[in-house]
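Visitor: Fit chain B to the known structure of chain A by using the hints.
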Amino acid sequence: MTGHNGPSDSDGPEDPTGGGAGPNGVSNAAYGALGYLLAGLLFWGGVGLALDRWLGTNFLVLIGLLLGGAAAMYLIYVRYGKG
Amino acid sequence: MSLVTLAAGPGFEAPGPEDFKFPDIAGGVTKPMVLIVLSVVIVFGFYWLTGRRALVVPSRAQFAGESVYRFVRDGVARDAIGPEFARFVPYLTALFSFVLVNNIFGIIPVLQFPSMSRIGFPAALALMSWLTFNYVGIRRKGLGTYLKQVCIPPDVPTWILPILIPLEFFQTIITRPLTLGLRLFANMFAGHLLLLVFILGGDFMLLHGSAALPFLSPFAFVMGIGMTIFEALIEVLQAYIFVLLTALYIAGALAEEH
Chain A
1 MTGHNGPSDS DGPEDPTGGG AGPNGVSNAA YGALGYLLAG LLFWGGVGLA
51 LDRWLGTNFL VLIGLLLGGA AAMYLIYVRY GKG
Chain B
1 MSLVTLAAGP GFEAPGPEDF KFPDIAGGVT KPMVLIVLSV VIVFGFYWLT
51 GRRALVVPSR AQFAGESVYR FVRDGVARDA IGPEFARFVP YLTALFSFVL
101 VNNIFGIIPV LQFPSMSRIG FPAALALMSW LTFNYVGIRR KGLGTYLKQV
151 CIPPDVPTWI LPILIPLEFF QTIITRPLTL GLRLFANMFA GHLLLLVFIL
201 GGDFMLLHGS AALPFLSPFA FVMGIGMTIF EALIEVLQAY IFVLLTALYI
251 AGALAEEH
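Protein sequences, first through last, are from chains A and B. Just so you know, my numbering puts 37 at position 37 of the first sequence, and the rest follows in order with no gaps. Just so you know, my numbering puts 160 at position 160 of the second sequence, and the rest follows in order with no gaps.
Chain A with its partners taken away, still in its complex shape (with noise of 0.2 Å):
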């Protein structure tokens, strides 16, 4: 995927927004990686769509989908996935 310069590993595993705190942190990251992958396709996937209906073309909507999702993806792993 796209971060292949891993980012390098300064703090602990602490992360500041919607951070597993707690025993509870896996939930979080189960409802949380839902969120950022239906936000990753509707943000990306609408801007596709939209540049899509403004120059006419077709294709646009699935390079929105398919860079939502990897975006998604990548930073589930960002937020949940280190540590």
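Quick caveat, the hints were computed from the structure, so don't treat them as lab data. In this text the structure is predicted, and so the values were computed from the model without any measurement. Where is the CB? At the ideal position from N, CA and C, for every residue including glycine.
Looking from chain B toward chain A, a few residues come up when the C-beta cut is under 10 Å (computed):
id, residue
1, Ala80
2, Pro153
3, Asp155
4, Ile160
5, Leu164
6, Pro166
7, Ile174
8, Thr175
9, Arg176
10, Thr179
11, Leu244
12, Leu248
So the derived list for chain A, only partly shown, Cβ under 7 Å to chain B, looks like this:
id, residue
13, Tyr36
14, Leu38
15, Val78
In silico SDA-like cross-links for lysine to any residue, where the CA-CA straight-line distance does not exceed 20 Å:
id, chain 1, residue 1, chain 2, residue 2
16, B, Lys31, B, Phe189
17, A, Lys82, B, Val156
18, B, Lys148, B, Tyr135
19, B, Lys31, B, Leu193
20, B, Lys31, B, Leu196
21, B, Lys21, B, Gly120
22, B, Lys21, B, Ile199
23, A, Lys82, B, Glu256
24, B, Lys31, B, Phe20
25, A, Lys82, B, Pro154
26, B, Lys31, B, Val41
27, A, Lys82, B, Ile160
28, B, Lys21, B, Ala124
29, A, Lys82, B, Asp155
30, A, Lys82, B, Thr158
31, A, Lys82, A, Ala70
32, A, Lys82, B, Pro157
33, A, Lys82, B, Ile152
34, A, Lys82, B, Leu161
35, B, Lys31, B, Val110
36, B, Lys21, B, Ile119
37, B, Lys31, B, Asp19
38, B, Lys148, A, Ile76
39, A, Lys82, B, Cys151
40, B, Lys21, B, Pro109
Guide: Here is chain B on its own, set in the frame of chain A:
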């Protein structure tokens, strides 16, 4: 589900969204509204009765009231939020009790309708939780820092940020309240529909079914009873998940950067 509808054959009207619409009782007031008011009375009455003469050695009633409170305080607020949990306990406890009572209405005879299966109620609760965690975050850090923390994930290469920043913003500001409200709504809606299918299906088989159908109706009723028990579990679980996620969002808004 399809078995019941198939077996019932023509004449059986499968339950649908129409079953969630109620006629006016008087002046635009419908059953779900009455249930909401009733739930407020019940929650208030419960805490008033169990807490009005609080003793160091609690009575049985006081113990019951404090158990719910303690569950939210220790099981949700302290676990999720950490040292600053105390000031959020009243809101979380009220929220939990309110959602729980309204959900349980789904399987109480006569009432038999989970108010949260009408989208407006969970939407309002999700909005309140959304306002709370954003307010807490902005109050703590200032708008700029809060937004920066919401939008910019730590330790990622800079070139990828243009893709991630709008996504993070969208996730926190839009999909969070959306999924919070929809999860509660959809669980209550689907659960109530499921009960309707089995019980109304069994009812139809028993009273209007031809040939062997009346003799098969006990299976539908047994499934209906089983589903009712299952529904009780879901109703408690969804109330818990709603407050837990609210607490986690507050925790996220309060957390310091690194």
